[in-house]
Amino acid sequence: MKHALGALLGAVTLLGSAPSIAQTALTIATVNNGDMIRMQALTNEFTAKNPDITVKWVTLEENVLRQRVTTDIATKGGQFDVLTIGTYEVPIWAKKNWLIPLDNLGSDYDTADLLPRIRDAVSVSGKLYAAPFYGESSMTMYRTDLFQKAGLTMPEKPTWDFVIDAAKKLTDKSAGVYGICLRGKAGWGENMAFLTAMSNSFGARWFDEKWQPQFDKPEWKTTLSTYVDLMKAAGPPGASSNGFNENLALFNSGKCAMWIDATVAASFVTNPKDSKVADNVGFAFAPNAGLGKNANWLWAWNLAIPAGSRKVDAAEKFIAWATSKDYTKLVASKEGWSNVPPGTRTSLYQNPDYLKVAPFAKLTLASIDAADPNNPTVKQVPYVGVQYAAIPEFQGIGTTVGQQFSAALSGSSTVDAALAAAQSAAEREMKRAGYIK
Amino acid sequence: MARKVTSRHVWMSTAAAWLFGFLIFLPILWMFLASFKSELDAFAMPPKFLFFHWTTENYATVQQRSDYVHHALNSIIIAGGSTLIAMLIAVPAAWSMAFSPTKRTKDVLLWMLSTKMMPPVGVLVPIYLVYRDFGLLDSRAGLVLILCLGNLPIVIWMLFTYFKEIPKDILEAARMDGATIGRELVYVLTPMAIPGLASTLLLNFILAWNEAFWTLNLSTLEAAPLTVFIASYSSPEGLFWAKLSAASTLAIAPIIILGWFTQRQLVRGLTFGAVK
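Protein chains in written order, with our numbering: chain R, 6 to 442; chain V, 981 to 1256.
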């Protein structure tokens, strides 16, 4: 009896001292994009391999997310452990020490496999501050059937002259078909993403080497008048309120002969479930003006850890999983190769299974390679970024300038007045921020 | 002498009223219809009104992806809690200002309203820091507090306006009969002010239900109400109107049902005092 009691006591003591698995709950903030939603659905695969970690998702609209996350990170609120941020934020936030460098992604992570342009965009002083989840550039998408009917052939690297001429020829307003659909909705990430990339191809720049705004220079006038004239002649009505989604809907319903926008749209327009023109879409580089720069941008959505997080190890484990080569394979096995997040890893573009289902893959890769954030335009610039300047003031200035350009497109302002207003607004803000006197 | 009203005149006014009502209702109807469309149909130009392929797929997606009940429960607790606390503070405040005004009463009323004149984003960072330090971020208590404080000036103003309409003589008569302040409030003032109280309560509940700035910025998961639920369906790259419409329909359904059943009180309260 005495022995039995002793044994029981011993067992209880042992049980009590056994290490219990402590649960770490990660809160991840993200945007509502198809690839992110897919990642949410696959979270169980991660937690099954990491039973000590639970994952909670906060999905928000892009602008709400940006405001919410910026407030939290600036005040070290500690509400999030993993953030989804763009390439615009990464260098700015890293310099403010708001992000934790990703040093422990694991030996099999293969950082060298990340596309060099994308890796550079999320690195500061050689250190990775965010891991790219999916990346994109921009390109020209066009209707092969309409081009064939009109006897036109799209070159691999079209010039603006060709695009303008083709857009005018392909416009058939009575049939509701417009030669070209371009972004017109005001916003630094909307019309200004397109127009800044377009301006690079015409040799324009946001600021000169001394941070002086450049909207009073002829390159910007050429850019804006080309854009406004083209849209007036061959664009859809109400284009000043069209962003990515509106143009996607127009293109998918057969109303645009050409559309220059994010490479990520390629999988949407070729998906027969959502697109009426899925079988008749061709791809080409974003246009150029013969100055050595195409009008294409560079963007990636990335996962990063805010400095306020107290669960860095678990967060880094999650990021390593979600941006790994194995994750790509996992998505392919569950949902097919056409649904894997594109634009981040070299190995994906060498994978024959992916190349088979993604006819746009090579062009996407070439477009990403062609966009250089450190050398975005013809002349030298003091900023980093292709379709933006990675300085905190850019969001505000970009949106103000975007409103002016959108007004020029809608006809409520002229090209000259919009450029003059953009110049004075940019000068005012840059003076206020201390860049110029 | 009463004016002669022709039947043609009545018909025209009725038709105009219906047309006006329909125009106001149109966005809600459009959202409801869009929630049953495919994403491509929701974006179709020219728009498809009734003749499209009806589908409940969007509702299934929303149910699968989000915990609607969790968000709805948070909305009820946050809107209900903030409204009740605001009423508890506002009734005595409005009573004292309506029945025992001082020479500063008008200034106090204006000062209270002035807090509504500043855009809330102006105080986002200080409030966020205070909430962080008091552990109120992503808590229902924190949201109840901020919405209660945010709506308090409007509640006090509304109640003050209603109370002002009640003749002072009735309260004096109650006092002469020996009623204490408490009894005066409960037995004399309250029954007379019920329409006003009811409409203030309902309107404040609706305002708190729809509040989207503080609820989006101060909540993350646990306390996130339906505004966060809706915000998760807007997408920068990809069609989302149909799913967003389904989420919005689910989010406004409870408040529309509440408004439907209480519309008599709402209208009575809002027109209370209009006929002097």
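It is possible that part of the hints are untrue.
[Claimed, not checked] Below, simulated DSS-like cross-link-like pairs (lysine-lysine); rule was C-alpha separation at most 30 Å, straight line:
#1 R/162 / R/436
#2 V/1083 / V/1028
#3 R/384 / R/132
#4 V/1148 / R/173
#5 R/178 / V/1028
#6 R/281 / V/1096
#7 V/1028 / R/260
#8 R/278 / V/1083
#9 R/384 / R/154
#10 V/1096 / R/81
#11 R/237 / V/1028
#12 V/1028 / R/190
#13 R/367 / R/162
Just so you know, these hints were derived from the structure itself, not from any lab.
Taking the hints in turn, this is what the structure says about them:
A threshold of 30 Å between alpha carbons decides the hint, and for residue 162 of chain R with residue 436 of chain R the separation of about 39 Å lies outside it, so the pair is violated. Pair hint residue 1083 of chain V plus residue 1028 of chain V does not hold up; C-alpha atoms about 60 Å apart against a cutoff of 30 Å. Restraint check for residue 384 of chain R and residue 132 of chain R: satisfied, since their Cα atoms lie roughly 27 Å apart, inside the 30 Å limit. Restraint check for residue 1148 of chain V and residue 173 of chain R: not satisfied, since their Cα atoms lie roughly 77 Å apart, outside the 30 Å limit.
Distance restraint check for residue 178 of chain R and residue 1028 of chain V: the Cα-Cα separation of roughly 20 Å lies within the 30 Å cut-off, and the hinted pair is therefore satisfied. Restraint check for residue 281 of chain R and residue 1096 of chain V: not satisfied, since their Cα atoms lie roughly 49 Å apart, outside the 30 Å limit. For the proposed pair residue 1028 of chain V and residue 260 of chain R, the alpha carbon gap of about 16 Å is at most 30 Å, so the pair holds. At most 30 Å may separate the alpha-carbon atoms for a hinted pair to count; residue 278 of chain R and residue 1083 of chain V exceed this at roughly 70 Å.
Between residue 384 of chain R and residue 154 of chain R, the direct Cα distance comes to roughly 40 Å. Violation of the 30 Å bound is thereby established for this hinted pair. With a C-alpha separation of about 28 Å, the suggested pair residue 1096 of chain V and residue 81 of chain R falls inside the 30 Å cut-off, and the hint holds. For the hint linking residue 237 of chain R to residue 1028 of chain V, the alpha-carbon distance of about 27 Å falls within 30 Å, and the restraint holds. The hinted pair formed by residue 1028 of chain V and residue 190 of chain R meets the criterion: a straight-line CA distance of about 23 Å does not exceed 30 Å.
In summary, the hint linking residue 367 of chain R to residue 162 of chain R is supported, as the alpha carbons are separated by about 14 Å, within the 30 Å threshold.
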